[in-house]
Each structure stands twice: as C-alpha cells, then as structure tokens.
Amino acid sequence: MTVPTSFTSSQEFVRTLKGASDPPQPGGLHKIEIARQAWDNTSFHVPNKGEVIADWIVTTFSKEKSANAHVRPLADIRFWALLQDILIHTPASERPWLSPLMNRTSLAPILRTFLSLLCELGLSTGRPLCYAVKSCLRVLWPISSQRFPIEMLLECFDTSIQVTSGFQEVEECLYLCDLITSSYRHALTNSSNKKKIYAAFMQAHFRGWVQLAGTLTRGSINSAHQALLADIYAAGVETIFNLDVLRHMKEASWDDAFVQSLRTALVSSPDKILPVLPMLFTSFTQSVRRHRSALFSQSDPIHSAATAVYLAFGSMMDPLTESELLWKTRAELLAIADKEGLVTVPNEGLHLYLVGTRDTAIAALSWKGDAHAFSPHALVFLACLAQVDYDLVDNALQPILPRLIHIPPNSPFVFKLWDLVVEHHSKTRTISSLIANILTATKDQYLFRLTDPMMNYQLCSTGSVFSSFHLERLSKSIRIFLTPSQCSSSTSALINSLKQNWADFNEADASLTASSTGEGKRKKRRKSAAGGTDHSDDVENRAVALSLTSKLIASYVSALPLRSLIEEDRAAILSELEEAFKFVCAACDVLIQALQSTKRTDTWAAQIVLSSGLRLTYSMKRMHTLGLHREVNLTTQLERLVSLIDDTETLPELTIEIFRNLLAESATSHAPVVLDKCLAYIDQNLRPQTAKWSGAVCHLVAQPIGGEAASVALLNVLLDRWLYLLDEIASEEQAIRLIQALFHLLPHVEVDRQGLRDLNSGRIFSTLMHSAKFWELQNLQCNFGLPLKHFFLLTITPAATLTLKIEPGQVLDACSAYTVLLYSPPEYITRSMRSIVCLRVPTIDGALELMKRKGADVDDQFTVLREFSVRICKHTGLIDPSVSCC
1 MTVPTSFTSS
11 QEFVRTLKGA
21 SDPPQPGGLH
31 KIEIARQAWD
41 NTSFHVPNKG
51 EVIADWIVTT
61 FSKEKSANAH
71 VRPLADIRFW
81 ALLQDILIHT
91 PASERPWLSP
101 LMNRTSLAPI
111 LRTFLSLLCE
121 LGLSTGRPLC
131 YAVKSCLRVL
141 WPISSQRFPI
151 EMLLECFDTS
161 IQVTSGFQEV
171 EECLYLCDLI
181 TSSYRHALTN
191 SSNKKKIYAA
201 FMQAHFRGWV
211 QLAGTLTRGS
221 INSAHQALLA
231 DIYAAGVETI
241 FNLDVLRHMK
251 EASWDDAFVQ
261 SLRTALVSSP
271 DKILPVLPML
281 FTSFTQSVRR
291 HRSALFSQSD
301 PIHSAATAVY
311 LAFGSMMDPL
321 TESELLWKTR
331 AELLAIADKE
341 GLVTVPNEGL
351 HLYLVGTRDT
361 AIAALSWKGD
371 AHAFSPHALV
381 FLACLAQVDY
391 DLVDNALQPI
401 LPRLIHIPPN
411 SPFVFKLWDL
421 VVEHHSKTRT
431 ISSLIANILT
441 ATKDQYLFRL
451 TDPMMNYQLC
461 STGSVFSSFH
471 LERLSKSIRI
481 FLTPSQCSSS
491 TSALINSLKQ
501 NWADFNEADA
511 SLTASSTGEG
521 KRKKRRKSAA
531 GGTDHSDDVE
541 NRAVALSLTS
551 KLIASYVSAL
561 PLRSLIEEDR
571 AAILSELEEA
581 FKFVCAACDV
591 LIQALQSTKR
601 TDTWAAQIVL
611 SSGLRLTYSM
621 KRMHTLGLHR
631 EVNLTTQLER
641 LVSLIDDTET
651 LPELTIEIFR
661 NLLAESATSH
671 APVVLDKCLA
681 YIDQNLRPQT
691 AKWSGAVCHL
701 VAQPIGGEAA
711 SVALLNVLLD
721 RWLYLLDEIA
731 SEEQAIRLIQ
741 ALFHLLPHVE
751 VDRQGLRDLN
761 SGRIFSTLMH
771 SAKFWELQNL
781 QCNFGLPLKH
791 FFLLTITPAA
801 TLTLKIEPGQ
811 VLDACSAYTV
821 LLYSPPEYIT
831 RSMRSIVCLR
841 VPTIDGALEL
851 MKRKGADVDD
861 QFTVLREFSV
871 RICKHTGLID
881 PSVSCC
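Under the UniProt record's numbering, the first residue of the sequence shown carries the number 1, and numbering increases by one thereafter.
With a straight-line Cα cutoff of 27 Å, these simulated DSS-like cross-link-like pairs (lysine-lysine) come out:
no., residue 1, residue 2
1, K874, K773
2, K18, K63
3, K874, K789
4, K476, K621
5, K272, K328
6, K416, K427
7, K621, K499
8, K134, K49
9, K621, K582
10, K499, K443
Please keep in mind that the hints were generated in silico from the structure rather than gathered at the bench.
For clarity, every value in this text was computed on a predicted model and none was experimentally measured.
Can you make the complete structure from the sequences, with help from the hints?
This is the structure in structure tokens:
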C-alpha cells in the first residue's frame, strides 16, 4: 500500500487533511483512507505523524454536524479504528502530545454525541463501534475527565441513561456509560454548587433517571448491566439527597421540586415509577440519617422529615387507579416507615392518612357486583398495618371480617393477616371479643350482596375465616388462651346466636312456605338505597348465616378448655351445651318432617340448614367430654332419613350428613341396613374417571356432579372413620361389594400422582392400600382376594393359557389385578392365590409381548408384571433378596 503520488512532502499531507474538501480530489480517496494509508506506510515519513492524524480525527469528531447519523465520522468505524491503532501502537513515552491535545479538545461532547448516535444506528451497527470507542477512551478518558465541567458531565450522564436500556447486552457500551457515571459522581462530590446541579437535574433529567431506576426492581439480563443500573441510581440519589439539597428541602418543609417532579412523573408513567418509590424513600431516610447532625438540632427529630416525605408519597399515589402494583408499593412504604419507627411517634396527619388508606384497602377487598376482583396486595397492606399498629385494624375488624369470609383461604397473603388477628387476641386474652366479631360478621349485609345464594354459601363456607385450616388455628387459640371467666359468656353468646338464627330462619321459611302454597301472606322484601333487594329477610341468606354459626360453634366446642374450669362453672357450661344439643336435634326433626311432607321444590335453604344441624350434632356427640346422647327411636329415625336419601331432590351434602349420623347412631341390628344403603349409593353414583371432591361439603351440589363427589366423600368416610364397623358387621357379600368397588378405582390411581388438591378415587385407593389398619381387619382381609381369584379363574383359563388367545382388554385387566397385588403385602397373599396368579404370569407376559410387536405401549404393564414376580420370589425365597426388577 502506498501514499498517493500527488503528495510531494509531509507538509502537503498535513494541508490535505486540514483542507475543507473531502475527498481532496474529485473521485479520489477520502481523507480517512489517505490517513490510514499514511499511518500504515512506515516508509512515508511525517514528523509526529500520530499526533497529526489523531488531532485531525478528534477535530473532525468535534466539528462534523451532518444530519445523517450513518455518514457522520463518529459513526464511521474507520475513524475509531485508526485512532485506536495510533493510541495502542504508540508507546506512552512517545506521545507527549496527547495531553495537550486533550486540553485543546473536550472529549465529553464527543462521547455524548456518539452515545446519542447509537440510539439511531441500532444494535447491529453500534456493537462493533462500541468496541473501538472503548479501546480509545480507555486511554483518553483518564487524561481529560478531570477537566470536564460538571454541567457537561450531567448532560453526558443524561445521555447514558437513555442509551443504557437499549444496549444492555453490549458490554462495551455499558463500559462507556460507567465511565460517564463514575466521573459525574466524582465531580458532584467535589462540586461547590450542588443546589444548581440539583435544579438542572430535576428540570431536565429526573424523569428519565427515575424511569430507568424502576428497572432495578425487575432485575437484569447480566450482572454488568445490573451493576451499572445501581451506579446510575446511586448517582441520582447523590444529586437529589446531598447535604446542600436536604437543607433546602428542610426549609421548604420537604415539599419542593423533587416532590413535584416525582408527582408529575408518577401520573404519566405509574407502572414505571411506582416500584421506585420504596427505593427513593429508603434512600431519603438513609441520607437524612447520615447528615442528621448537620440538619437537625437535638430538639428537631428526624422522624418529622421522614413522615413528611412518606405522606407526600402517599398523597401522590391516592389519585392513581387501583392496581396490585399500587397496593404492593403502599405495603412496602409502610414497612419502611415501620422500620424507621415513624408510626410509633404520635402524628395526627400520619394517623389520618393510615386510617384513610386502611378504609381504601377494605374497599379493595370488596365485590364489584357479582365479580370478586379483590386486590391480594391490599391484604398485604392490612397485614403490615396490623403488624405496625393493630389498633388501626382492630377498630375496623367488623368491616374487614365479612370481606375475609369471602376470600379463598389459598389467596396470597390472607394467612398472614388472619394469623396476626388471632395472635393479637391470643396475646391480649381477648379471644372472646374475636368470636363475638365473627358472629357479627356472619349476619353482615355485605355477605349477602351476591345474587346467587349457592355461590355465596360455598364462598363463605370455604373462605378465609371458615376454612378448616383457619378454624383450626382459631380453635388452638381458644383451647390455650380463652380464660375461665370468658368461657361462660362466650358459650352463652354462641348458643343464643344459634337459637336466634334458627328463629330467624324459621320465620323466613314460614313466610316462603306461605307464599309458595298460597296459604298466607309473605312479608314483602324491602328495597335498599342502592336499588337492590334487601336480603335481611331472605330465607337463603338466613340459611347461610345459620350454617356459618353452626360451623363456628362446632369449632368452639371442640376446643373448649373444660378441664381448666372449676366444677361449678364446668357443670353450668355442660348443662347449657346439652340444652343446645337437644334444641338442635329437635329443630332437625322438625325440618326432616317438613321436607318429607312439603310440596315445595325450593327447599335448598331448608336442606342446607338441616345439613348444618346434623353436622353440629354429629360433632358434639363425638366429644366424649360432653357426654351427649340422643334418645330416639332408631327404627323410625332410620325410615325417615332413608326416605330422604332416596328422594332425588335431596342435596348430596345432606345425604352425606345423613349417612354420617346413621353410621354413628345405628345399633348393630340396624348397621347392615345402613351399610347396604351406603354401598348402593356408591355403586350408583361413583364414576372413577371423573369423580372428585374438594373436601368441603358445601361443594356437594345438586346431581349429577354433586352425586359423583358425594360418592367419593361417602367412600372416604366409610374407609377412614368406619372401617372397623365394616369389618365387624359386614357380611361376605357386602365385603366383596366393597372390595369390587375398590378394584374399579385401580385404573385411576395414577391421577393421585399428579399432586391434585382434590380428593379422588385413586387417592382413596392408594391411602387404603398403604394402611396397616386395613390389612389387620380379619373379615375384609379374608375377602380381599376373592374377586381377584374369580377373575383369574374365569378369564385366564387353561385353554387361553395354552393358545395365548387372550383379548387385549383382558390382558390389561389382568395387569391391573397384578397392580392390586403389588399394593398387597406378600404375607397377606394366600398360598392358593399365589399359585393361581404366579402360574399365569408367563401367559400374560407372552400376550404383552405380542401386543408390543403390534405397536401397543405396554412398558408399564411389563414393569408391573415383572416387579410382582420378583417380589413373590423374594418372599418365598426362590431367588436372592438382592435381585431387583429392571
């Protein structure tokens, strides 16, 4: 490569570079090409050639103003590559000219312009450019950065904020932004006019910075970008919250340009700015604490400043549309305020704000028509508020509890709030007042805003307050923390509420009956102020309230600390409970007769009330400490209840409660009849493929779905609670029917392995097979193998064994039978049974091999068959115990 022949001297080369036209000769080489050839040609001698070319390049960068980013020298990699070669290949001792050059030329505007161009060039063009620029600035920046005015660095800092988000994957670009950020922070530290920089920052650069800071909360794709974001955020914090600015803020009562600018940015981009508020509040409190001695006298507490900013943040969030992010931000700010000890210092303005936000949070938990779009993070705020100052929550517990009753127990953060409520009342020994509040909540009109009473019943029965998990938490506190003096009053209050609810229901039901039969006038429904129906006299709503009260009483009575009471008080409470038990039993008898004789079809409410009554009496009878027993004609009672079971209009929920009470009350002479009805109901309704149950009786809705779920529930009741009764009184026919029903569940055991929350047939079967209690029951254990033996003798016959002519369906059924045997402990498989099933293993294995050759997927069946063979051989000692199935 040679320099153009038109150059007769080095002076002419210099004049060419400094000339106005580019290229110097029309149609000739451009200046950058001439400069590259001159630098690469070592035989072409120019005094201080590196200085001349570098000076020309830097001057070109400073003066070029083309509107097209793609043709500007700053965007031309040839310029940066040549400058890079000059700086890298010239030793530091041979470039004394570099420092004077940097004194004559300001590098900051060049870098700022380059970063601005990157946004226009895009990632593909900008990436290689950044590599060359990084190599150049690694040498040039330390020499020139100390001379930059801070105003120029602030402009560069703003440009780096704009570029960072678009080039977060380009490490070289992040390096350039980090150079600017570090220099700006250093210059700011040494600046004597920080208030002026603060004013300029707030006026022109604050919005971009605060939006970028929000990305810190979302994480980053790489550590370099995350570190740069942290440095940029720190630089902004040092600009806003340095000592000079904090003094100015104090004079303005902590409400100056910062608050106003933040308010404007928040309104325009709430999703981007809200996550930054907790960060800013933390940074503010840390800065104020750091400069505490310079800002405040001993009589001027730091809390007033932090409280003022906290209230300012709260006021700017109030006009925003409700969202999860908004409530999350409020909760985080409150947690920071608690950490800083703001709430413990009396402040009327803060108290009013917290009360107002608490009421807004309660409203956020409410139903919107028939849609329950509540805000889970509003629960977080209330939980945080309860942790900070429980009195604020306790004063609003009556409106909070009805809303919690509707919220599902698996909703995020609901457990924390409920746990704090129970914990507070436990520590203060005021569990009785919590029980009274829950009783009041069961009658609150908020619960009855839904137009669908069945949906409302399910929501209330399984919601956060009345779910089994949360009632158990309450029962534990009652057992430990309910004082002897509160036992009597709480018991009386619950029983009186139950009787009043039952009277209210009877009144509403009588009105409904009269309206249905035309034998009387039904009370007119009042209209609410909102124009809807007032449900206070609605029979369905009163049924729901009565059901919730019964559920609360059952939980309360099971945890009542009777042993801690003196004999006189214990006797009085037992007498009161016995009276309540008789009252409920009598009321249930009346309802049973009414349901048998009624001509109405709208008996849902009456059946729900009867179910809750039977459930309450059942739970009270099981508490041996109460010693409750009901004198009743079992034959008459059995006839009445069986007639309800046979009625197709009876709810599955009521059917299950009837079965539970019949099993508990039946004498030995009546138990076979009850067991027959149970098995018949299971045979009629159980569909193993689809049947499942959530575990809540309120989900046992009308047929046919409710019947399938009720069959799962009944089967679970029989095998979990009354297994010993089955073994004691079941005839051989009944035992075989039960075993056959279990075998029908086998193909669906796999459903249990998917971790579903609902109870299904597969889970019931698996649990029973793993129960040692089941295998110790003589009657059931003796009959367990009979259905399998009959299946093998009838299906896998000697003729089929010799010819291997077995239908694929029979082969799969046989493999299912071997799966049952895998669940069985080997010692419980009789010798005769073992000989029958083992002799058929080769036949089934051969049939599976034929099916596999035809493309069937039978790998699982092979595994079952061979694992069974290995297990039996190990048990009988035919093979070494260390052998396993592969």
